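Undergrad: Given the coordinates of chain A, assemble chain B onto it according to the supplied hints.
Taken in sequence, the protein lines are chains A and B. Residue numbers for the first sequence, in the working numbering: 1 to 255. Residue numbers for the second sequence, in the working numbering: 1 to 255.
The set of hints was computed from the structure by calculation and includes no laboratory data. Because the structure is a prediction, the values reported are computed rather than measured. Warning: the hint list may mix true and false statements.
Straight line, CA to CA, 27 Å or less: simulated DSS-like cross-link-like pairs of lysine-lysine [as the list claims (entries may be wrong)]: (1) B:Lys62 x A:Lys62; (2) A:Lys62 x B:Lys203; (3) A:Lys203 x B:Lys62.
Protein chains: 2
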Amino acid sequence: MSATAIAPPPRRVRAALLVIGDEILSGRTQETNLRTLAQFLGPLGVSLAEARVVADDPVAIKSAVRALASAYDYVFTTGGIGPTHDDITADAIAAAFDAALDEHPEALALLGAHYAEQDFTPARRRMARLPHGARLIRNKVSTAPGFMVRNVFVLAGVPMVMRAMLEEIAPWIEGGAVTHAIEIRGPRAREGLIAAPLEAIAKARPNLSFGSYPYYADGDFGACVVARGTDLAELTEARAAVEAMFRDLGVTIVV
Amino acid sequence: MSATAIAPPPRRVRAALLVIGDEILSGRTQETNLRTLAQFLGPLGVSLAEARVVADDPVAIKSAVRALASAYDYVFTTGGIGPTHDDITADAIAAAFDAALDEHPEALALLGAHYAEQDFTPARRRMARLPHGARLIRNKVSTAPGFMVRNVFVLAGVPMVMRAMLEEIAPWIEGGAVTHAIEIRGPRAREGLIAAPLEAIAKARPNLSFGSYPYYADGDFGACVVARGTDLAELTEARAAVEAMFRDLGVTIVV
Chain A
1 MSATAIAPPP
11 RRVRAALLVI
21 GDEILSGRTQ
31 ETNLRTLAQF
41 LGPLGVSLAE
51 ARVVADDPVA
61 IKSAVRALAS
71 AYDYVFTTGG
81 IGPTHDDITA
91 DAIAAAFDAA
101 LDEHPEALAL
111 LGAHYAEQDF
121 TPARRRMARL
131 PHGARLIRNK
141 VSTAPGFMVR
151 NVFVLAGVPM
161 VMRAMLEEIA
171 PWIEGGAVTH
181 AIEIRGPRAR
191 EGLIAAPLEA
201 IAKARPNLSF
211 GSYPYYADGD
221 FGACVVARGT
231 DLAELTEARA
241 AVEAMFRDLG
251 VTIVV
Chain B
1 MSATAIAPPP
11 RRVRAALLVI
21 GDEILSGRTQ
31 ETNLRTLAQF
41 LGPLGVSLAE
51 ARVVADDPVA
61 IKSAVRALAS
71 AYDYVFTTGG
81 IGPTHDDITA
91 DAIAAAFDAA
101 LDEHPEALAL
111 LGAHYAEQDF
121 TPARRRMARL
131 PHGARLIRNK
141 VSTAPGFMVR
151 NVFVLAGVPM
161 VMRAMLEEIA
171 PWIEGGAVTH
181 AIEIRGPRAR
191 EGLIAAPLEA
201 IAKARPNLSF
211 GSYPYYADGD
221 FGACVVARGT
231 DLAELTEARA
241 AVEAMFRDLG
251 VTIVV
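The following block holds chain A by itself, in its conformation from the complex (with noise of 0.2 Å):
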């Protein structure tokens, strides 16, 4: 008699996206960080949970930070790392976690190698402050140090740079099941008249998410449905069965 071997349920892991900065919340920037974030972490394994923004306040970023990295596996932060005065993230992280604020070695050296002396400024250097126990994080296009302490990568803000640097920790982050994404688009499908079958098709798939959005184009609105899930059959399973859906109700289905 061989034990039947039953399949643990995939590991999630989940993360969360701090923004830092008045900029965005101004209105003076338009946030895109977030959206590189996601699609950085789906491969891998992580989902983005939540983000927020906070402005360039240390009460908040601290209260943010401490928050998010209690209740996820990862949190990233963009923004704040500058030589300026208003580049207050890396003391706000440190005071978040009770930690000192030490000069860095391998930073003051990557920052020390980087300006001619003369051109070495205080400002400068005391971007090599980073919370003590932290791992420097470098990157191809700048000397603008991030770091990762704990379970919070600290990155930078500007979306070259912290493209960049995302690039450099995709190797540390240690991610769970992949959840895939298919769309199913339905021109000319009211929301309105797929919500009971579609409520009906989403209820009987308990280990997939649906999500249904409307478009607009050619003149008209259609609902896109969207179905996530870490199990590919499942998912192509799901897209005959809203496929089967939009067929019945007459509409022409866009792969």
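TA: Below, chain B alone, put in the same frame as chain A:
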């Protein structure tokens, strides 16, 4: 002897945004409503002080609404007010305030008038369920039932509909002092070189907040200094101080 008039400090009104939607966190859809809201609120004398993005999850929405509604003067939510099973915002907000969810007579009449009788499906009728005491937010482009309950404005996620709702509610908002911003660009001004003089400028002007943002143009990095405050005279004086700082550093100023 006449009493010296002392001006009261400017009244600060602060708001938070709660973005509701798996499609933002998964990276499928680029969020743009934050910036729209910030630029709408600014001239009304309301500062956007925090934003959060949560999934289509009743517990996450309820907990974020409670936290934000008690911390800020106004809360704005976007997303999740359509007819499909993943549209759970009204339910979650009712739960956050321990309020019943009733069919709102005005919302019901509006939806009933829009759809032919055979098209007024239970899913569409479900959109008329609003938290007890809610005030309907009509809009010019759709019948989607936005609403206000307590200090929370519940708006559509589709940007075009969200903007139409903002137009409607502008007169409902009691703002405080309007925060103005000025921006002075210093081409080839490296942040590491302006950091010390800019910090001195900022420290001497505690009523204003100063930000420094690196930018890339014409093949080189520059620094853009932003000052924000409610007093235009103070901002004019600050502009002169920042321009003098750039001049002292030998930087051409771009206004």
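Undergrad: Next, verify each hint and record whether it holds.
TA: Hint check results:
Of the pairs offered as hints, the one joining Lys62 of chain B and Lys62 of chain A holds, with about 23 Å between alpha carbons and a cut-off of 27 Å not exceeded. A C-alpha spacing of about 22 Å is found between Lys62 of chain A and Lys203 of chain B, which places the hinted pair at or below 27 Å, so the restraint holds. Between Lys203 of chain A and Lys62 of chain B, the direct Cα distance comes to roughly 22 Å. Compliance with the 27 Å bound is thereby established for this hinted pair.
Every hint, counting from the list given before, is met by this structure.
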